[in-house]
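Q: Sequence:
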Amino acid sequence: MKKNQFIFLVLILFISSFCYSKGLLNERYALVTAGTYNSGDDFIKSLDDSIANYNLSTNLPFSDQADFVLNIDDTSFKGKFNNGTINGSRRLLEAGANFSFKPKQEFNPFVGVCAEYLESKGKLISETVWDHGREKTTGISFDFGFQYLMPYEVASKTTFKYFDVGFYDDFSINETLNYWFNKAVGIGAGFEYLVDSGDYKVFLGVTMDVDGSIL
Numbered sequence: 181m182k183k184n185q186f187i188f189l190v191l192i193l194f195i196s197s198f199c200y201s202k203g204l205l206n207e208r209y210a211l212v213t214a215g216t217y218n219s220g221d222d223f224i225k226s227l228d229d230s231i232a233n234y235n236l237s238t239n240l241p242f243s244d245q246a247d248f249v250l251n252i253d254d255t256s257f258k259g260k261f262n263n264g265t266i267n268g269s270r271r272l273l274e275a276g277a278n279f280s281f282k283p284k285q286e287f288n289p290f291v292g293v294c295a296e297y298l299e300s301k302g303k304l305i306s307e308t309v310w311d312h313g314r315e316k317t318t319g320i321s322f323d324f325g326f327q328y329l330m331p332y333e334v335a336s337k338t339t340f341k342y343f344d345v346g347f348y349d350d351f352s353i354n355e356t357l358n359y360w361f362n363k364a365v366g367i368g369a370g371f372e373y374l375v376d377s378g379d380y381k382v383f384l385g386v387t388m389d390v391d392g393s394i395l
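Numbering follows this note's numbering, in which position 155 of the sequence shown is assigned residue number 335; successive positions increment by one, without gaps.
Hints are not guaranteed to be accurate.
As the list claims (entries may be wrong) - Distance windows between CB atoms, simulated:
#	residue 1	residue 2	range
1	F287	F261	17 to 27 Å
2	R271	D349	42 to 52 Å
3	N263	F287	49 to 59 Å
4	V365	Y342	14 to 24 Å
5	N267	Y380	19 to 29 Å
6	P289	G264	33 to 43 Å
7	N263	K284	51 to 61 Å
8	P289	L240	43 to 53 Å
Because the hints were derived from the structure by calculation, they are not lab data.
For glycine and all other residues, C-beta sits at the position ideal for the given N, C-alpha and C.
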């Protein structure tokens, strides 16, 4: 029994020796995720109840407390309607900055602002009808939240965001958990919920440090 306890202790110390105090704020990284997007709109849900979603998020510090952020989000769906097929997509580009109040600390609140560019496309194809539409809009978003650094290189980042893009505005809640395997590579997972529309997505991906060897 004591031998097993000793081996377990050595194993914990061995794993801990590879741990680094890294989160998501005030770090240089890219997070690439894939997941499913569930629409709160009954019509879209009837077309496709498991919509594909892909996302690229980058974070580039430019001071001890401020980060440049860039987010590219792509969502697409396809479904049958009136003996035809509807294809739809939404691509969102966000660029802005976050300001951290307690960088590198266990609890780190932050605020941010981003410029938004949204492109939505839809296409209906049937034997008698072929129609499509495209809309491009711009807007702005404001967010606030906090990061909490937990043991074993796990970081929790909670973000509350209000955005207004063209005719569309909503309030979202995003929770992202990240675990760094080492200084260069980690794994990220989480969800985002839109309060007014009822849309939500879940995602899983890879976090890559872009300060040196990765890019």
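Q: Are the hints correct? Go through all of them and say.
A: The hints, checked one at a time:
1. F287 - F261: 17 to 27 Å: Check failed, 49 Å falls outside 17 to 27 Å.
2. R271 - D349: 42 to 52 Å: 18 Å, violated
3. N263 - F287: 49 to 59 Å: For N263 and F287 the Cβ distance comes to about 56 Å; the hint holds.
4. V365 - Y342: 14 to 24 Å: At 33 Å between Cβs, range violated.
5. N267 - Y380: 19 to 29 Å: Given about 22 Å between the Cβ atoms, the range holds.
6. P289 - G264: 33 to 43 Å: 50 Å, violated
7. N263 - K284: 51 to 61 Å: 59 Å, holds
8. P289 - L240: 43 to 53 Å: At 20 Å between Cβs, range violated.
The structure is inconsistent with the numbered hints 1, 2, 4, 6 and 8, although it conforms to all the rest.
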